[in-house]
Amino acid sequence: MSKSTKVIAALGVVAGLGVAALPAFTYAASSVAGEVELSVNVDEAIAMTIKGNAEQAAGVDVYTPTGATTIDGHTVGSLYDSTSLESSSSSAALLPNAADTTTATSQIKVYTNAAGGFTLSVKDADTNTALVHDTDSTKTIPAGATITAGTAAWGYKGGSVTNFAAIAATDATVYSQNAPTSGGATIDMTYGVSTASDQATGTYTDTIIYTATTN
Amino acid sequence: MAKKIKLILAAFLMALTAGIFTTSTVFAEDGGYEKAPIHLQVSPAKLKVSIKPGSSYVGSMKVMNVGARAFDYEVTATPYSVSGEEYSPNYTAEATYSQMSQWITFDKKTQKGTLQPEQIVDVTFTVNVPNDVPAGGQYAAIMAQTSSGNAEDANIKTIHRVGMILYASVPGETRECAEITKNTVNSFYFNPPITVSSLVKNCGNIEQTATYTVKMYPLFSNEAVFSNEENPATLDIYPDTSRFNSISWDGAPRIGIFKVTQIVDFGGSSENREVTKYVLICPLWLLFVIIALIFFIIFWLVSRARDRKRGRSAAAGRSGKESNSDKEKEEK
Numbered sequence: 001m002s003k004s005t006k007v008i009a010a011l012g013v014v015a016g017l018g019v020a021a022l023p024a025f026t027y028a029a030s031s032v033a034g035e036v037e038l039s040v041n042v043d044e045a046i047a048m049t050i051k052g053n054a055e056q057a058a059g060v061d062v063y064t065p066t067g068a069t070t071i072d073g074h075t076v077g078s079l080y081d082s083t084s085l086e087s088s089s090s091s092a093a094l095l096p097n098a099a100d101t102t103t104a105t106s107q108i109k110v111y112t113n114a115a116g117g118f119t120l121s122v123k124d125a126d127t128n129t130a131l132v133h134d135t136d137s138t139k140t141i142p143a144g145a146t147i148t149a150g151t152a153a154w155g156y157k158g159g160s161v162t163n164f165a166a167i168a169a170t171d172a173t174v175y176s177q178n179a180p181t182s183g184g185a186t187i188d189m190t191y192g193v194s195t196a197s198d199q200a201t202g203t204y205t206d207t208i209i210y211t212a213t214t215n
Numbered sequence: 216m217a218k219k220i221k222l223i224l225a226a227f228l229m230a231l232t233a234g235i236f237t238t239s240t241v242f243a244e245d246g247g248y249e250k251a252p253i254h255l256q257v258s259p260a261k262l263k264v265s266i267k268p269g270s271s272y273v274g275s276m277k278v279m280n281v282g283a284r285a286f287d288y289e290v291t292a293t294p295y296s297v298s299g300e301e302y303s304p305n306y307t308a309e310a311t312y313s314q315m316s317q318w319i320t321f322d323k324k325t326q327k328g329t330l331q332p333e334q335i336v337d338v339t340f341t342v343n344v345p346n347d348v349p350a351g352g353q354y355a356a357i358m359a360q361t362s363s364g365n366a367e368d369a370n371i372k373t374i375h376r377v378g379m380i381l382y383a384s385v386p387g388e389t390r391e392c393a394e395i396t397k398n399t400v401n402s403f404y405f406n407p408p409i410t411v412s413s414l415v416k417n418c419g420n421i422e423q424t425a426t427y428t429v430k431m432y433p434l435f436s437n438e439a440v441f442s443n444e445e446n447p448a449t450l451d452i453y454p455d456t457s458r459f460n461s462i463s464w465d466g467a468p469r470i471g472i473f474k475v476t477q478i479v480d481f482g483g484s485s486e487n488r489e490v491t492k493y494v495l496i497c498p499l500w501l502l503f504v505i506i507a508l509i510f511f512i513i514f515w516l517v518s519r520a521r522d523r524k525r526g527r528s529a530a531a532g533r534s535g536k537e538s539n540s541d542k543e544k545e546e547k
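If you're matching them up, the sequences are chains A and B in order.
Numbering-wise (this note's numbering), the first sequence opens with residue 1 and increments by one.
Numbering-wise (this note's numbering), the second sequence opens with residue 216 and increments by one.
One chain only, chain B, in its complex shape (with noise of 0.2 Å):
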């Protein structure tokens, strides 16, 4: 039997050993870069800014060219706010927060015009704050579209717009809170990748940023796999709004057990801020074939005890027939 088991051994591990040592390459093809005919770049791509009551605060963004062609442009403000936990843009509707808009002027040279290729212009826009607003945060966005590069027979014609999204303060009854409503690791996978999620809420008057910190390290080691620490991602909560994030490491591999841990700060405290757990990851094939093989080891073991114990009572049985008739013998 010891030799059976020495056998099954040997030949698992010839087989983990023979194609551990396999490498693969991965390359990226680098191809020079072609401008394309219309190019629309806008920037700052965000702009904080602090308003008061009854003032007028004076912005500028650059609207470029970086494309091959020139095209028309115009400059417009819209609201901005978002919605559902993905976060997604809403550009319409105004709401309580999204007022800003309706305050925004454009100076006149700049607000349309056209741009030649590499020729960067400066718009201008006012926000002429009135007396009546509401302390906390407002938010628009400042959009630059075009319409060029539409082929004049084109059925479906599209206009492409870039935005620069404009956070605005109003001093006064400002109310800074937010909570981390979920911060969850799950504990298995099946395939990569190993994604982590969290829900932030803002129960305040104005966005609060929250910075997601992530750490994968594997079973036995304290150096990191994965981790994105020198550089965590940073997301804007909206007032009244709750904002569902996630991070996955897509380099994971197909088979392995990782300590996974995510911070999430906003600059206050909060429960579930950290999280940490120990992550199984395993091919839903593989993990049959290892139950499989744990059953046919069980059931090979209480068949092999089986064997023994009707080995001995045969013996047993065999050695009191003997004996049984050693003793006819004798009294006869």
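So here's chain A without its partners, still in its complex pose (with noise of 0.2 Å):
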């Protein structure tokens, strides 16, 4: 067999490999339906559950464990237990120039019946989107897209934002579908919190509001 012949057979069997291993089939099975008849008239209706561990996130502590070294007033080192940081919630502490991307986060499940689906969105409840100092105003971690230890800020994601983004006061889309649910749906939220290398102590707060409507 010439060496063109034996490059075109191989093709061919690679090609013939291809479109074998391919799922081509659909199947669908049916269900037969009971002898006695039964009416009943279910109204439109929409319907969300929010459960979270949003507790986390802003609280800034310092630490002075023995024999940790002081620098510029700052205290490093290894001074608090990972584990602790999901367990606890006010005494959860994000240390000065750190950044925590995965533990405060919501689940927020949408049910609707509506032939059109939904969309929820996300916004502040006021118009100062940052985490403010719950005993001075003045010092804040501001809302941004940004979430790197040493820039204090505070995004979300999850749904449709795939990357951190900065909560706005004006609704933004987290999901949308066009279709009633199954089973309700889903949506992931995580919160990502950076502090600055001076960041003060104490606890951050603010509030968003999750809103669904059929579209």
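Quick caveat, the hints were computed from the structure, so don't treat them as lab data.
These numbers come from a predicted model, not from an experiment.
Hints may be right or wrong, so weigh each one.
To give a feel for the contact side, a few chain B residues facing chain A, derived at Cβ under 7 Å [stated by the list, open to error]:
hint	residue
1	Lys261
2	Tyr306
3	Ala310
4	Gly328
5	Pro332
6	Ile374
7	Val377
8	Thr449
9	Ile505
As a list, the in silico DMTMM-like pairs of lysine to aspartate or glutamate whose alpha-carbon atoms are at most 25 Å apart [stated by the list, open to error]:
hint	chain 1	residue 1	chain 2	residue 2
10	A	Lys3	B	Asp522
11	A	Lys109	B	Glu301
12	B	Lys397	B	Asp455
Example chain B residues on the side facing chain A (calculated, C-beta under 8 Å, incomplete) [claimed, not checked]:
hint	residue
13	Ala285
14	Gly364
15	Val504
16	Trp515
For every residue, glycine included, the Cβ atom is placed at its ideal position computed from N, Cα and C.
Using the supplied hints, reconstruct the complex from the two chains, each of which is provided in its own coordinate frame.
Below, the structure written as structure tokens:
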């Protein structure tokens, strides 16, 4: 067999295997109705649940364990046990010059039987979009999309928002679907927070609003 | 040569049939339903009413606790409009067609309260329509919200609210007008899904409801492999807006040729109402292999033809030399 014939044969085998390996069949099952006819009227409705672990994220502490080195008034070294970040709330500490982009989350579930589906959006509850210190309102962690240790910022992502985004005072779409939900639509949101090198200690908070309406 | 062509074809067919009978199993795990701690529901999800200038309309919305714990709730009215072709909702801007929220008042007894699990409250609202309201559509959202469920020491507190969209039509000079600006089916895909899209513009002063019907047939069959004809998608298009919509067949196979049709209806006639196209779906790497195979076959045929020509010339040259040498021998 000449060389070119071998090449053609090999390509033919590859093409054939490629077609064979692709799932080209779809099948469906159907069910059989029962003998008793039941009639019920179900109205259109829309519902939402939220559960989350948003307690973390913005308590800033300065630890002074024995033997730690202090540089420019900041305490450095291994200062907290990572497990306490999940189990504790107000004592969950973000240090100055730190960032956390995984711990604080909300899980939102929307249910609707409306034919047009729904849209979920999020906005800040007021015009101040920063996380604000609980006793000194001049100290803030502003809303931002870049979550990097050393720069104070907080943002959110989830649903169709794939990168961290700054919360705004107007509604921003997080997720939308043009069909009724089946078992609810789950949207997992994550909040990222980072602190400046000289971030004041204390607790920072903000309130956001998730809104679900039919399309 | 015929033997070699047969060999290549046999190799191709063997490879094709070797893995063709594969089965894949898809199953869904059905777990029990566990009530969420805080689960707020409203019904209906949208309400369409007719209001007259200078009159009042009284309506109601059910607010339900379908969760496991009690929660506090409050009902408010907000404007409702949309921005962009993706129809991002806007619950704050008051524009020409979203003034109605200012006319809405609530029964104080039911506007705020605490709902126990499985409790339902009928929240009554009144729309007091001014005398000088323009004819056409007006839109608002009636929102039920709760902030219960936040831990006391939570840093990022969440309020969640669920809304009923209220559509009102004011009689008078209403203009129903819509046009289908785009109705698109792409002809080629490297991967599933196959997606059809459209853009519908409302050029009137009252909302239009558009219906989207999509059917997909295999190349040599009249039986649809994907169709939403029995339950077409329906979307409302608001005045002075254009709405983009797309419908996908996520279960499309990774290779095949299909005839795809999308029909967009809104109760009027329009260009671009129906589009039908043949769609090829084929992975990129397989496309390269098929193109390479075609090129090699062409190259092989051309080189075979050249070899034959050379062979004939060489044979002609040899027979020419032989006859010359015969002639020389004869002359000698």
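These are the hints, each one checked on the structure:
At about 6 Å, the closest approach between the beta carbon of Lys261 (chain B) and any beta carbon in chain A falls short of 7 Å, and the interface hint on this residue holds. Against a cut-off of 7 Å between C-beta atoms, the interface hint on Tyr306 (chain B) holds, since the closest Cβ of chain A lies about 6 Å away. The beta carbon of Ala310 (chain B) comes no nearer than 14 Å to any beta carbon in chain A, farther than 7 Å, and the hint placing it at the interface is violated. Annotation: Gly328 (chain B) was flagged as interfacial toward chain A, and the flag is violated, the nearest CB pair being 18 Å apart, outside 7 Å.
For Pro332 (chain B), the shortest C-beta to C-beta distance to chain A is roughly 13 Å, which exceeds 7 Å, and the interface hint is violated. Contact between Ile374 (chain B) and chain A, as hinted, is supported at the beta carbon level, the nearest pair being about 5 Å apart and thus within 7 Å. Hint status for Val377 (chain B): holds, given a least beta-carbon distance of 5 Å to chain A, under 7 Å. Because the beta carbon of Thr449 (chain B) sits about 6 Å from the nearest beta carbon in chain A, less than 7 Å, this interface hint is met.
Interface hint status for Ile505 (chain B): upheld, as the beta-carbon distance to the closest one in chain A is roughly 6 Å, under 7 Å. Between Lys3 (chain A) and Asp522 (chain B) the alpha-carbon distance is near 14 Å, which keeps this suggested pair within the 25 Å criterion. Only pairs whose Cα atoms come within 25 Å are accepted, and Lys109 (chain A) paired with Glu301 (chain B) is accepted, the gap being roughly 22 Å. Proximity of Lys397 (chain B) to Asp455 (chain B) is assessed by CA-CA distance (about 16 Å); at most 25 Å being required, the pair is judged to hold.
Using the Cβ-Cβ criterion of 8 Å, the hint placing Ala285 (chain B) at the interface with chain A is not satisfied: the shortest such distance is roughly 14 Å. The interface hint given for Gly364 (chain B) is met, as the beta carbon of that residue sits about 7 Å from the closest beta carbon of chain A, less than 8 Å. Given hint, Val504 (chain B) at the interface with chain A, holds; its Cβ is 5 Å from that chain's nearest Cβ, closer than 8 Å. Because the closest C-beta pair between Trp515 (chain B) and chain A is about 5 Å apart, less than 8 Å, the hint holds.
Of the numbered hints given earlier, the model fails hints 3, 4, 5, 13; all others are met.
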